[in-house]
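J.: Chains P and E are the protein sequences, given in the same order. Residue 13 in the numbering used here is what sits at position 13 of the first sequence, and the numbering runs on without skipping anything. Residue 220 in the numbering used here is what sits at position 220 of the second sequence, and the numbering runs on without skipping anything.
Some clues are possibly wrong.
Because identical chains cannot be distinguished in the list, a pair is counted as satisfied if it fits within a single copy or across any two copies.
Straight-line Cα separation of at most 25 Å, DSS-like style, residue types lysine-lysine; simulated pairs [as the list claims (entries may be wrong)]:
#1 Lys87 to Lys26
#2 Lys87 to Lys155
#3 Lys208 to Lys185
#4 Lys155 to Lys208
#5 Lys155 to Lys192
Rather than coming from a laboratory, the hints here were simulated on the basis of the structure.
There are 2 protein chains.
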Amino acid sequence: MSANRLSVEPIGESQSLKARAYKALKSAITEMNIYDSKVELRLDERDLSARFGISRTPLREALAQLDQEGLVRVVARRGIFIVRRTKSEIMEMITVWAALESMAASQACTVASDQEIAALHELVDDFGQDAVARRMGEYSDANITFHQAIIGLSKNQLISDITDGLFVHVRAIRNRAIFENDRAKRSIADHKEIIEALEARDGERAGKLVCDHTMRLRDHVERYVDIE
Amino acid sequence: MSANRLSVEPIGESQSLKARAYKALKSAITEMNIYDSKVELRLDERDLSARFGISRTPLREALAQLDQEGLVRVVARRGIFIVRRTKSEIMEMITVWAALESMAASQACTVASDQEIAALHELVDDFGQDAVARRMGEYSDANITFHQAIIGLSKNQLISDITDGLFVHVRAIRNRAIFENDRAKRSIADHKEIIEALEARDGERAGKLVCDHTMRLRDHVERYVDIE
DNA sequence: GGCTGGTATATGGTATACCAGAGAGAATTC
DNA sequence: GAATTCTCTCTGGTATACCATATACCAGCC
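Working from the sequences, and respecting the hints, build out all of it.
T.: And the structure:
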């Protein structure tokens with residue numbers, strides 16, 4: 001190591017208080033099981049600012065951002081409430097997810113490299129039938145990882161950004177038996193088929209497979225998941 | 001615009017200053033031709049708050065929201081800048097638009113009423129060949145109206161919200177010869193075909209037609225529109 | 001004369017005080 | 001005792017003062 005040269009990265013890059021409050025709040029909200037029983041859905045600006053050790057101003061800006069993202073709803077002189085999405089809103093999100101990932105898969109066939117596509121195998125193979133028997137939470141995460149990977153192959157940053165926003169909400173109901181065992185097995189078969197289409201550079205087929213796959217999930221949630 | 005029309009706001013004062021500042025700024029930004037020559041792209045918080053007659057606090061919140069939407073970029077101790085999207089960003093937006101409107105058309109086949117679909121004819125027929133010769137700006141607006149109508153038929157609020165956000169950006173480059181005469185004629189033919197598919201309740205075909213139609217626009221912009 | 005380092009200022013970030021309206025519970029009326 | 005009104009408090013909205021730093025400009029040293 002060249003000790004004769006000063007470290008080029010003293011940086012520090014101290015984030016703004018707003019950004020830090022935003023991250024902290026977002027992860028706190030997404031971690032908690034807002035669909036379970038009687039969790040407190042109300043927040044208080046002054047209380048939060050005190051607990052974060054910052055003033056209300058940057059905290060308010062963070063809350064305003066979360067409000068726009070739909071994680072929280074700020075009501076004048078009433079309070080700040082963590083929002084539970086309705087079932088139909090979840091349906092809409094999955095529909096948008098299906099449309100965008102389908103397009104991403106289609107595009108990936110022309111812009112992704114062979115290595116990138118090949119890398120998808122790991123995301124599926126690591127999760128054989130034994131693993132399926134593990135906690136569904138793990139499978140759910142691996143499942144979302146796979147889908148995010150496909151989206152990433154499209155090199156379309158906007159699609160990635162939008163779907164990331166959606167996954168935050170969809171993940172919140174993952175524990176509600178969306179992915180039970182049978183679905184997991186079927187899901188893995190679907191995933192392998194999708195990879196095949198990508199490897200064959202068949203954009204139309206890849207798009208259709210992805211769309212159908214996700215729309216089946218949508219129908220499943222519609223039928224078996226009970227929210228509210 | 002009809003200035004003699006009654007204000008749609010029954011009360012007017014109930015909106016927060018933030019909301020009003022947001023609306024005012026957003027319309028001001030979207031109206032200006034930010035891709036033209038040497039427009040001033042820099043904003044100043046204090047100057048704006050003075051001109052709006054409000055304090056910096058609600059103005060800053062409005063700006064933060066515009067920042068998150070991507071219309072503006074707030075840089076600490078540097079300034080606030082109206083952002084010009086890059087060409088590749090516009091490409092991504094049109095791609096997302098294609099994916100979502102395609103899905104919307106497909107869904108519309110099952111959830112839209114006959115009357116709702118029939119109403120689409122007006123949006124196309126009112127714009128015959130004569131009208132095509134009018135200012136392209138008008139056509140562009142009518143064009144977007146048609147697409148928004150299809151999206152509305154899907155009854156998917158999320159798709160409407162996302163695409164509304166995209167149209168704001170796409171409209172900003174509408175004057176840059178996206179829709180020249182030939183394309184307009186072809187476009188109208190496409191639109192009629194789309195309506196046929198919807199009337200036949202052929203979701204798959206409607207989706208594909210819409211997708212192809214918009215992706216052709218994408219290719220056109222890719223080839224002929226020069227940004228930056 | 002040109003580079004270096006200090007300094008003024010412009011600008012977004014943050015803290016804080018105050019405002020106004022919604023709600024709950026006390027006070028009042030019948 | 002029940003319905004109504006009043007008041008008090010709690011909460012988000014707004015105004016304002018101050019803070020920290022990026023930038024430009026200026027002075028001074030080589």
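J.: Now tell me if each hint is right for this structure.
T.: Hint check results:
1. Lys87 to Lys26: within (21 Å within a copy, 32 Å between copies)
2. Lys87 to Lys155: Cα proximity of Lys87 and Lys155: across copies only (14 Å, versus 31 Å in one copy).
3. Lys208 to Lys185: Cα proximity of Lys208 and Lys185: one copy only (20 Å, versus 30 Å across).
4. Lys155 to Lys208: both (19 Å within a copy, 22 Å between copies)
5. Lys155 to Lys192: within (21 Å within a copy, 33 Å between copies)
Violated hints for the displayed structure: none, as all numbered hints are satisfied.
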